[in-house]
Amino acid sequence: MHQSHAPHLILAIDDDDMVRLMLRDILQREGFDVVCAADGGQGLELCASRKPDLVLLDVMLPDLNGFDCLQAIRRMPGNSILPIVMLTGVDDLESVNRAFELGATDFIAKPISWPTLPHRLRYLLRSVATLSALAKSEAELRKAQKIAQLGSWEWHVASDALQCSEEIFNILDFDPPRQDLNLQDLLNRVDASEAAKLQQAIDLCLKNKLSFRIELPLAHRDGGDRVIHIQGEPIVENDTVDRIRGAIQDITERRHIEERVRFLSYYDPLTGLPNRTLFKEILGQAMAYCDRYGSALSTLFISIARFKRINETLGPKIGDHVLKMFADRLVAEVRESDYVSVNCELDLANMTVSRLGGSTFTVLLNRVEDSRDSVKVAKRIFQIMQQSFPVEATELFLGINIGIAVYPGDGMDEDGFIKNGEFAMNHAGEYGHNNYQFFSKSLNVAAFHKLAMENSLRRAIERDELELHYQAKIDIRRHRVAGCEALIRWRHPELGLIGPSQFIPIAEDSGLIVQISNWVLENACRQVLAWRRQGDCPELVMAVNVSANQFRQAGFGGHVRGLLAQIGLEPRYLKLELTETILLHNVEDALVTLRELQALGVKISIDDFGTGYSSLSYLKKLPISELKVDHSFVRDLPHNEDDMAITAAILALADALSLEVVAEGVENQDQANFLLDNGCTVVQGFLYQRPMPAAEFAEFARAFNSRSTAVPILR
Numbered sequence: 001m002h003q004s005h006a007p008h009l010i011l012a013i014d015d016d017d018m019v020r021l022m023l024r025d026i027l028q029r030e031g032f033d034v035v036c037a038a039d040g041g042q043g044l045e046l047c048a049s050r051k052p053d054l055v056l057l058d059v060m061l062p063d064l065n066g067f068d069c070l071q072a073i074r075r076m077p078g079n080s081i082l083p084i085v086m087l088t089g090v091d092d093l094e095s096v097n098r099a100f101e102l103g104a105t106d107f108i109a110k111p112i113s114w115p116t117l118p119h120r121l122r123y124l125l126r127s128v129a130t131l132s133a134l135a136k137s138e139a140e141l142r143k144a145q146k147i148a149q150l151g152s153w154e155w156h157v158a159s160d161a162l163q164c165s166e167e168i169f170n171i172l173d174f175d176p177p178r179q180d181l182n183l184q185d186l187l188n189r190v191d192a193s194e195a196a197k198l199q200q201a202i203d204l205c206l207k208n209k210l211s212f213r214i215e216l217p218l219a220h221r222d223g224g225d226r227v228i229h230i231q232g233e234p235i236v237e238n239d240t241v242d243r244i245r246g247a248i249q250d251i252t253e254r255r256h257i258e259e260r261v262r263f264l265s266y267y268d269p270l271t272g273l274p275n276r277t278l279f280k281e282i283l284g285q286a287m288a289y290c291d292r293y294g295s296a297l298s299t300l301f302i303s304i305a306r307f308k309r310i311n312e313t314l315g316p317k318i319g320d321h322v323l324k325m326f327a328d329r330l331v332a333e334v335r336e337s338d339y340v341s342v343n344c345e346l347d348l349a350n351m352t353v354s355r356l357g358g359s360t361f362t363v364l365l366n367r368v369e370d371s372r373d374s375v376k377v378a379k380r381i382f383q384i385m386q387q388s389f390p391v392e393a394t395e396l397f398l399g400i401n402i403g404i405a406v407y408p409g410d411g412m413d414e415d416g417f418i419k420n421g422e423f424a425m426n427h428a429g430e431y432g433h434n435n436y437q438f439f440s441k442s443l444n445v446a447a448f449h450k451l452a453m454e455n456s457l458r459r460a461i462e463r464d465e466l467e468l469h470y471q472a473k474i475d476i477r478r479h480r481v482a483g484c485e486a487l488i489r490w491r492h493p494e495l496g497l498i499g500p501s502q503f504i505p506i507a508e509d510s511g512l513i514v515q516i517s518n519w520v521l522e523n524a525c526r527q528v529l530a531w532r533r534q535g536d537c538p539e540l541v542m543a544v545n546v547s548a549n550q551f552r553q554a555g556f557g558g559h560v561r562g563l564l565a566q567i568g569l570e571p572r573y574l575k576l577e578l579t580e581t582i583l584l585h586n587v588e589d590a591l592v593t594l595r596e597l598q599a600l601g602v603k604i605s606i607d608d609f610g611t612g613y614s615s616l617s618y619l620k621k622l623p624i625s626e627l628k629v630d631h632s633f634v635r636d637l638p639h640n641e642d643d644m645a646i647t648a649a650i651l652a653l654a655d656a657l658s659l660e661v662v663a664e665g666v667e668n669q670d671q672a673n674f675l676l677d678n679g680c681t682v683v684q685g686f687l688y689q690r691p692m693p694a695a696e697f698a699e700f701a702r703a704f705n706s707r708s709t710a711v712p713i714l715r
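Its first residue numbered 1, the sequence shown is counted upward by one per residue in full-length UniProt numbering.
It is worth saying that the hints were derived from the structure and are not from the lab.
Wrong hints could be hidden among the right ones.
Calculated cross-link-like contacts (lysine to aspartate or glutamate; reagent style DMTMM-like; alpha-carbon spacing at most 25 Å) [unchecked claim]: (1) K620 to E577; (2) K209 to E233; (3) K621 to D608; (4) K110 to E259; (5) K620 to E588; (6) K197 to D160; (7) K317 to D328; (8) K620 to D589; (9) K324 to E422; (10) K419 to E454; (11) K209 to D160; (12) K280 to E369; (13) K620 to E596; (14) K376 to E430; (15) K324 to E259; (16) K110 to D53; (17) K197 to D180; (18) K207 to E194; (19) K379 to E333; (20) K280 to D291; (21) K379 to D328; (22) K308 to E454; (23) K280 to D373; (24) K308 to E392; (25) K207 to E233; (26) K379 to E430; (27) K51 to D33; (28) K207 to D239; (29) K324 to E392; (30) K324 to D268; (31) K110 to E281; (32) K110 to D15; (33) K197 to E215; (34) K419 to D373; (35) K621 to E596; (36) K110 to D33; (37) K280 to E258; (38) K419 to D92; (39) K209 to E194; (40) K207 to E237.
Could you put together the complete structure from these sequences and hints?
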């Protein structure tokens, strides 16, 4: 009865949770047993207790580094030939060299090529098994010959007799097996063009008494090409080489695997296009050509806009199909004359189109004369991509963005050039779909400024750099401070006081907006409670702007309830201001949250009313208490007839629906008079007060409310 071999045990030592998960899942599906360790200490314990057949070891570990861990494993009994494969960055040549010096068997570059990983590990395990068998002793040499097409041979110099194991006849395609072989029979089985190399290796072995190893091609009778590895060792007697003993191995399969690994290392398996690694290699050679001959090249960096939505909506299988169609159309339409031509062992003639990753592609153009060459190609790409992409029973229309970088000028090396091209591509996306932008140094400066701001912003809360200013809402009929709006400011240690327009977009892009918004909500609530307890503005209502991400978080209503309970503030003193866009993103979910806030007693205001969708249907549904007239309508009152009509209509609508109304951006008395004449009694703006810190606001409110000689504005 056939007995199956126990699966190989792989020990993976990596501190990246996702890498460990992927290794376990992929290798187990390929028939391996896998144990994982998150740090070096745990890895050494598992290595000692489980005795793995192969170790995958990350160079960067949180406790002892990968090199120390490598040495510790090697020192364990029985681990002298244990295959240890280091996981390191693609460009980390220094780590690769050091790993080999310390006894690593191989290395695998990150990001890992998952499809080829099991094949590569099987190859390593086979190689180690072969090495182990050969290292035991000459007495076990015949057993080793049964391992993957490996045979032994021995040539007696004086008699020219060649003795071969049975496996040699299979490898060299001798039929029938013969016993009267000589050296010429061996030479005859090698390609005629390569036989001289083998003869030279044998001659040097006889002369210098040194071993040799050589790889040669071999034509098989089945029509296939083989690659054989021949090694020979001189047996010296009386200071003369008496015979040469060696082995021959068919390494064709190993070569195929290595070629496959090479392909997957340099090409995108989905589209067949060069990947980022090969693109960098091609680009580097093209740059060197430009430097040598004084020419220029240009690269188009192309991204599919909102491609993530296709994956989320239709699934990754459809997404891959769309990428394949996109790549095929791009390759078919880019003209042959646009291709870069450089001398290289790789076939670069068809490599001008590459896939950098995700939905980003490049088109490398050589011998460009001026920017019009790049623009011409970009416009042609826009044109061909306007056609629909058929997917199952529907058609998709893709928007694309193109960034253009030119060498020399837009980068000193490949990495800088690619970075700048991607900057330009992302910048093009800010102008809408089907837009192209050339890279400029200002983009680079802006990107670094944005990154620096983001890094500083991440530490702003813990360093207590954020602060709130408050702008009064004035009841101009009663001449009283009716409420205020909390407005965030950032007191940067080097740049001074920064307004929200400069850092809120960065907070939104980086995902910090929810944390900052929750900070604003909590501190504004604490401040209004402090004013009430001090007797300042006892009836003042605090208005706080709510960000989209904050409002859409699960449990936002419960968060507000818990915060108010923790602080001890009555809900009626809090008003949340939301834009129409936030509320209409998902009306049904918004309704659930708004009704929860309404039941709590928190007031809801529609900020910037009239600038969004402004639908009566949603005003009827939503439990809101206030409309805010946007400053864009107030700015030209009472001189712009359109603004007068729109503002009057909003005020009439609010009155009909029994909603409070606030007009923002009031800067002069004519605006205030018009608003009051049309029924708006509460306003905010520079006419009365600019935003100010808490202490100054409290003083302003006390002084404003206590003016005994103040005369209310009556019309």
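Checked hints:
Among the hinted pairs, K620 with E577 is consistent with the structure: their alpha-carbon atoms are about 18 Å apart, no more than 25 Å. Between K209 and E233 the alpha-carbon distance is near 8 Å, which keeps this suggested pair within the 25 Å criterion. Only pairs whose Cα atoms come within 25 Å are accepted, and K621 paired with D608 is accepted, the gap being roughly 19 Å. Among the hinted pairs, K110 with E259 is consistent with the structure: their alpha-carbon atoms are about 19 Å apart, no more than 25 Å.
For the suggested pair K620 and E588, the alpha carbons sit about 13 Å apart, so the restraint of at most 25 Å is met. Using a Cα cut-off of 25 Å, the hinted pair K197 and D160 holds, with the two alpha carbons roughly 19 Å apart. In summary, the hint linking K317 to D328 is supported, as the alpha carbons are separated by about 17 Å, within the 25 Å threshold. For the hint pairing K620 with D589, the CA-to-CA distance comes to about 16 Å; that is within 25 Å, so the pair holds.
Proximity of K324 to E422 is assessed by CA-CA distance (about 21 Å); at most 25 Å being required, the pair is judged to hold. Taking the CA atoms of K419 and E454, the gap is near 19 Å; set against the 25 Å cutoff, the hint holds. Restraint check for K209 and D160: satisfied, since their Cα atoms lie roughly 18 Å apart, inside the 25 Å limit. This hinted pair checks out: K280 and E369 have alpha carbons roughly 22 Å apart, not beyond 25 Å.
With a CA separation close to 17 Å, the supplied pair K620 and E596 stays within the 25 Å bound. Straight-line distance between C-alpha atoms of K376 and E430 comes to about 21 Å, which keeps the hinted pair within the 25 Å bound. Distance check on the hinted pair: K324 and E259 sit about 23 Å apart at the alpha-carbon level, within 25 Å; holds. A distance of roughly 22 Å separates the Cα atoms of K110 and D53; the hinted pair therefore holds under the 25 Å criterion.
Distance restraint check for K197 and D180: the Cα-Cα separation of roughly 24 Å lies within the 25 Å cut-off, and the hinted pair is therefore satisfied. Distance check on the hinted pair: K207 and E194 sit about 21 Å apart at the alpha-carbon level, within 25 Å; holds. For a cut-off of 25 Å, the pair hint linking K379 to E333 stands: about 12 Å separates their Cα positions. Under the criterion of a C-alpha separation no larger than 25 Å, the hint pairing K280 with D291 is consistent with the structure, at around 16 Å.
Pair hint K379 plus D328 holds up; C-alpha atoms about 18 Å apart against a cutoff of 25 Å. Distance check on the hinted pair: K308 and E454 sit about 24 Å apart at the alpha-carbon level, within 25 Å; holds. Taking the CA atoms of K280 and D373, the gap is near 22 Å; set against the 25 Å cutoff, the hint holds. Pair hint K308 plus E392 holds up; C-alpha atoms about 19 Å apart against a cutoff of 25 Å.
A C-alpha spacing of about 12 Å is found between K207 and E233, which places the hinted pair at or below 25 Å, so the restraint holds. Distance restraint check for K379 and E430: the Cα-Cα separation of roughly 18 Å lies within the 25 Å cut-off, and the hinted pair is therefore satisfied. Restraint check for K51 and D33: the C-alpha separation of about 12 Å stays at or below 25 Å, so the hint holds. With a C-alpha separation of about 11 Å, the suggested pair K207 and D239 falls inside the 25 Å cut-off, and the hint holds.
As the CA atoms of K324 and E392 are separated by approximately 14 Å, the hinted pair is consistent with the 25 Å bound. Distance hint between K324 and D268 is fulfilled; the C-alpha atoms sit about 11 Å from each other, no more than 25 Å. This hinted pair checks out: K110 and E281 have alpha carbons roughly 17 Å apart, not beyond 25 Å. A C-alpha spacing of about 14 Å is found between K110 and D15, which places the hinted pair at or below 25 Å, so the restraint holds.
Between K197 and E215, the direct Cα distance comes to roughly 10 Å. Compliance with the 25 Å bound is thereby established for this hinted pair. Straight-line distance between C-alpha atoms of K419 and D373 comes to about 22 Å, which keeps the hinted pair within the 25 Å bound. With a CA separation close to 14 Å, the supplied pair K621 and E596 stays within the 25 Å bound. Taking the CA atoms of K110 and D33, the gap is about 22 Å. The hint holds against a cut of 25 Å.
About 21 Å separates the Cα atoms of K280 and E258, which keeps this hinted pair within 25 Å; it holds. This hinted pair checks out: K419 and D92 have alpha carbons roughly 19 Å apart, not beyond 25 Å. At most 25 Å may separate the alpha-carbon atoms for a hinted pair to count; K209 and E194 meet this at roughly 22 Å. At roughly 14 Å between alpha-carbon atoms, K207 and E237 fall within 25 Å of each other, so this suggested pair holds.
The structure fails none of the hints (numbered hints given earlier).
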